[in-house]
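> Chain by chain, the residues:
Protein chains: 2
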Amino acid sequence: MMMEKLKVYADRMSQPSRAVLIFCRLNGIGFVEIKVDISKGHHLSSEFTEVNPLQKVPAIVHGSFNLSESHAILVYLNSAFPGIADHWYPSDIFRRAKINSVMDWHHSNLRNGAVSYVINTVLGPATGRTLNPKTAAEAEKVLFSSLSNLEDIWLYGDGRFLLGGSQPSIADLSMVCELMQLEVLDEKDRSRILSPYKKVLQWIDDTRASTNPHFEEVHNILYRAKKKFEQQCSRIAETQTKPSDKIGGHSKM
Amino acid sequence: MMMEKLKVYADRMSQPSRAVLIFCRLNGIGFVEIKVDISKGHHLSSEFTEVNPLQKVPAIVHGSFNLSESHAILVYLNSAFPGIADHWYPSDIFRRAKINSVMDWHHSNLRNGAVSYVINTVLGPATGRTLNPKTAAEAEKVLFSSLSNLEDIWLYGDGRFLLGGSQPSIADLSMVCELMQLEVLDEKDRSRILSPYKKVLQWIDDTRASTNPHFEEVHNILYRAKKKFEQQCSRIAETQTKPSDKIGGHSKM
Chain A
1 MMMEKLKVYA DRMSQPSRAV LIFCRLNGIG FVEIKVDISK GHHLSSEFTE
51 VNPLQKVPAI VHGSFNLSES HAILVYLNSA FPGIADHWYP SDIFRRAKIN
101 SVMDWHHSNL RNGAVSYVIN TVLGPATGRT LNPKTAAEAE KVLFSSLSNL
151 EDIWLYGDGR FLLGGSQPSI ADLSMVCELM QLEVLDEKDR SRILSPYKKV
201 LQWIDDTRAS TNPHFEEVHN ILYRAKKKFE QQCSRIAETQ TKPSDKIGGH
251 SKM
Chain B
1 MMMEKLKVYA DRMSQPSRAV LIFCRLNGIG FVEIKVDISK GHHLSSEFTE
51 VNPLQKVPAI VHGSFNLSES HAILVYLNSA FPGIADHWYP SDIFRRAKIN
101 SVMDWHHSNL RNGAVSYVIN TVLGPATGRT LNPKTAAEAE KVLFSSLSNL
151 EDIWLYGDGR FLLGGSQPSI ADLSMVCELM QLEVLDEKDR SRILSPYKKV
201 LQWIDDTRAS TNPHFEEVHN ILYRAKKKFE QQCSRIAETQ TKPSDKIGGH
251 SKM
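Top line first, the protein sequences correspond to chains A and B.
By UniProt numbering, the letter at position 3 of the first sequence is numbered 3, and the numbering carries on one by one without gaps.
By UniProt numbering, the letter at position 9 of the second sequence is numbered 9, and the numbering carries on one by one without gaps.
There may be inaccurate statements among the hints.
Given that identical chains are not distinguished, each listed pair holds provided it fits within a single copy or across any two copies.
[Unchecked claim] Okay, derived cross-link-like pairs now, DMTMM-like style, lysine to aspartate or glutamate, Cα gap no bigger than 25 Å in a straight line:
hint, residue 1, residue 2
1, K7, D92
2, K199, E138
3, K35, D92
4, K199, E50
5, K35, E47
6, K199, E140
7, K35, E217
8, K5, D92
9, K7, E187
10, K5, E47
11, K40, D206
12, K198, E50
13, K141, E50
14, K5, E238
15, K228, D11
Just so you know, the hints here were simulated from the structure itself, not pulled from any lab data.
Take the sequences, apply the hints, and build the full model.
Laid out in C-alpha cells, this is it:
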C-alpha cells in the first residue's frame, strides 16, 4: 500500500512531541512537521480537532490513519516503517513487556510529577495561569519518588539505559524528553531536584549523546524559552518591594 | 520452554488487579492468585517487594520473569499464551495502535480522575486518611471530562465497544474495571456522575455481560465493600449533631 508522507502534528514545547520528532529523524522516517502552537490555541482549531478530537499534541496522520498519544505513536512507527533497529522496541516478548511496563508507569509517576511541578512553579505565570504552591509541593513529592524509582529500580544493571539496555529504547527517549522540561526551572532549583540522582543524570547525558544532533536541535526551543523565563523572573524580581519565596512568590492566589 | 504456572499477585479491591484476573479466567489461562491485601500493608512486605520493587499490584511472575503494570501485563499475556482470541489485542497494526492509544490516554484521564475522586470522597475515611474537598472537586472535573471523551470520542460507530469494536478488547476490560470502583460511592452520587453518559452506561453493561460470570465473581468484593461503606456512613450520620456537605463532611481537615 502506497501512503502519503507521514504528518506529525507537534509543538516542540511539548515533551512527547519532541520525542516523536526525534524518533522520526533518528530513524530516517520521511515526515512533514506541522506546528501546532499551544500558546496560541492552535490545538483548539477546527482543523486540528479533525486530526485529533482530543485536541492534544502530538498526533500523526499516515494516509487515512490518524493516531494520538506519543507512546502509541512510537510503537506504531516501529511496526509501520521497515528497518528500524530492534533496540528501540525489541521484538523479544520479555524485553518488550518490560519496556511497556516502564512506559505505563511513566504516566502517573514521572510525567504526572514533572508536568505539575513545572506548571506550578514556572510555566504557570509565563502562560497567564495562577500558581498553586500546595499543588507544586505535592507534585514535588511525586517527582522525587519517581526519580528515586528511576535511580534504584528502572536503571538497573550495567547498561547505560533503562532496564539494563546497552542502547536506547523508545522508553528512554520518552522519559528523557520528559525530564528535559526541567530545563525551564531556575538553575538552582533544577540542580536541587536532579543532583541527588547520579544515575539519572548520567542517563540523561547518555540518551542525549546517542540521539544527537537531533536531540539538541529539537530541544533548541526549550533553551530559548529558558532564557525568556529567566528574563521575566528578573523583571518581576526588580519590581517587587520585598523578597518572597520562590514557589509562591508570583502567585495571584 | 516449560514454565511454572503463572502467579498473579492481586488485591481484588484494586481495579487493575481485577482486570488481569478476569482476563486470565476468560481466556482459560492457568494461574495461581496470590492475595496482596493493601489495607493490611501486604504490598510493603519484603516478600512482595522482591516480586515488584515498586510495591504495587497487580504484578505477575511467569517462570523467572516478573512484570508489573496492568496494561503491560495484559499485552504480555496475549503474546505469551497461545489461542487468545484476536479481538482482545488485535494483530492488525492500525487497530492495535488505536487500542494502545486509548490505554495510554486512560492513565492521566479516566484513571486519574476516578481514583482521586473516590479516595477523596469515600475511600479516604474508610482507610483512615483525611479527605481533601478541593482535590475531590478537581478530580471530579477530570472525571467528567474523561467521561465526555469516552461518550463522544472513544465510543464511536455502531460497535458496542471502544473504537467501534463488536467484541471487547483489553482496553474495554481495563477501563470498565476502572469505572466499577464508582460502585463504592453513595448511590445518588454515582448516578449524578454516570447518568448523563448513556453510551458509557450501555458499554459498562455490555462489557459486564460479555465477560460474565467472571466479571461479577471478581467484583463481588466491591459489592461487599459498598455495603460496609454505607453502614459506616449511616453510623457517622447518626452521631453527627448537624448536617454537613457530603464531600467535606467526614474530613479531619
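> Take the hints in turn and mark each one as holding or not.
Status of each hint after checking the structure:
Taking the closest pair of Cα atoms, K7 and D92 come within 25 Å of each other only across two copies (21 Å); inside a single copy the shortest separation is 29 Å, beyond that limit. Taking the closest pair of Cα atoms, K199 and E138 come within 25 Å of each other only inside a single copy of the chain (24 Å); across copies the shortest separation is 35 Å, beyond that limit. Taking identical chains as interchangeable, the C-alpha atoms of K35 and D92 are never at most 25 Å apart, the minima being 35 Å within one chain and 30 Å between chains. In the homo-oligomer, the alpha carbons of K199 and E50 lie at most 25 Å apart only across protomers (22 Å), although the nearest pairing inside one protomer, at 42 Å, exceeds that limit.
For the identical chains of this complex, K35 and E47 are intra-copy neighbours only, at 12 Å inside a copy versus 50 Å across copies, given an alpha-carbon limit of 25 Å. In this assembly of identical chains, K199 and E140 lie within 25 Å of each other by CA distance solely inside one copy; the values are 19 Å within and 38 Å between copies. When the C-alpha separation of K35 and E217 is checked against a cutoff of 25 Å, the pair qualifies only within one copy, where the shortest distance is 15 Å, while the shortest distance between copies is 49 Å. Proximity of K5 and D92 under a CA criterion of 25 Å is satisfied inter-copy only: 21 Å between copies versus 29 Å inside one chain copy.
Taking the shortest Cα distances, K7 and E187 never come within 25 Å of each other, neither inside one copy (35 Å) nor across copies (46 Å). For the identical chains of this complex, K5 and E47 are intra-copy neighbours only, at 18 Å inside a copy versus 52 Å across copies, given an alpha-carbon limit of 25 Å. With identical chains, the CA atoms of K40 and D206 are never at most 25 Å apart, being 34 Å at best within one copy and 41 Å at best between copies. Proximity of K198 to E50 under the C-alpha cut-off of 25 Å is restricted to the inter-copy arrangement: shortest distance 24 Å between copies versus 44 Å within a copy.
In this assembly of identical chains, the alpha carbons of K141 and E50 lie at most 25 Å apart only when taken from different copies (24 Å versus 37 Å within one copy). Taking the shortest Cα distances, K5 and E238 never come within 25 Å of each other, neither inside one copy (50 Å) nor across copies (67 Å). Taking CA atoms no more than 25 Å apart as the test, K228 paired with D11 passes inside one copy only; the shortest distance there is 17 Å, against 49 Å between copies.
Hints 3, 9, 11 and 14, counting from the list given before, are not met by this structure.
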